[in-house]
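Enquirer: Sequence:
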Amino acid sequence: MVQRIDVTGAEGVRLAAWEFGEPPKRGVEAAPERESGVLLLHGLMGRASHWASTARWLAERHRAVALDQRGHGRSEKPAEGPFTREAYVADAEAAVEQLGLAPVTLIGHSMGALTAWQLAAKRPDLVRALIICDMRASALGAASQREWENWFQTWPVPFATLADVRKWFGEDDPWVERASPARGEFYAEVMAERADGWAPVFSRRQMLTSRETWVHDAHWEELAQVRCPTLVVRGQDGELGRAEAQEMVRVLPRGAYAEVADAGHLVHYDRPDAWRAAIEPFLDEVIAP
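Residues in the sequence shown are numbered consecutively from 53, following our numbering.
Misleading hints may appear alongside valid ones.
[Stated by the list, open to error] Quick list of simulated restraints, FRET-style, between CB atoms:
{"id": "1", "residue 1": "V209", "residue 2": "E149", "range": "18 to 28 Å"}
{"id": "2", "residue 1": "N202", "residue 2": "A104", "range": "26 to 36 Å"}
{"id": "3", "residue 1": "P233", "residue 2": "R302", "range": "33 to 43 Å"}
{"id": "4", "residue 1": "G193", "residue 2": "M53", "range": "40 to 50 Å"}
Everything labelled a hint here was simulated from the structure, so no lab data went into it.
All C-beta atoms, glycine included, are put in the ideal place defined by N, C-alpha and C.
Generate coordinates for the entire structure from the input sequences, incorporating the hints supplied.
Expert: As structure tokens, then:
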């Protein structure tokens, strides 16, 4: 079962959260094995449904909730934002508090991982543990932002069919080094049909605005402020290099490291079984049953 729950984020922005598994009934004490809360935060251009595979096995033992962040999925996309780091962190904080997930385990991918560790640094009282999936702490810089601007311009929007979406992002995209059906499926999930074809559910302009707020800065200082147990996970062929990942572990007061072989940036989506094998022992250790 998947249940939608509405959350009010910063500045009153309406957010959609999705709880996987049977929610506890009112007046009935939750089973001990599902007392702990887990909040899953997707990356830029992602959506809560990308966590479905992870959330379903998590829901067997924990209360698993995935959040559509502002500008994404079914959440509100305010024309003028804000799409600042502060807004994303405040939204995640609101979700934890309004859904009663604390002390929460945060699992974030890419931009969602940055939001997760910034929240853990800001509100250590709310966060029990943290998993960072393929997100760099170093500044990516202006050149990276220009690459994204140019990449968005190559998208042949609107796509005539979902099959065209899958093929372009899985094979024809100039950023694809080798065919990746999983990548094609990932982007198919963030498309919606309109009168002239299929287009993203998000605004590419808003995505660039969001990215602009963190791409120029390094985030080591906030990483060092995270006091809870933290697992840094990288895909072997992802965007987070091994040396930087291991330095992140060193900087973290209670850091640990895991690597998923034959996975790209979309680690949890590329290799769901290997992803589970990488993070489940950490969760078993840090979250008491």
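Enquirer: Is 40 to 50 Å right for how far apart the beta carbons of G193 and M53 are?
Expert: holds, 44 Å
Enquirer: Could you check the hint for me, namely that P233 and R302 are 33 to 43 Å apart, CB to CB?
Expert: With Cβ atoms ~36 Å apart, the hint holds.
Enquirer: Has the hinted range 26 to 36 Å been met by the Cβ atoms of N202 and A104?
Expert: Cβ of N202 to Cβ of A104: about 32 Å, so the range 26 to 36 Å holds.
Enquirer: Regarding V209 and E149, is the given constraint of 18 to 28 Å on their beta-carbon distance met?
Expert: violated, 37 Å
Of the numbered hints stated above, the single one contradicted by the structure is hint 1.
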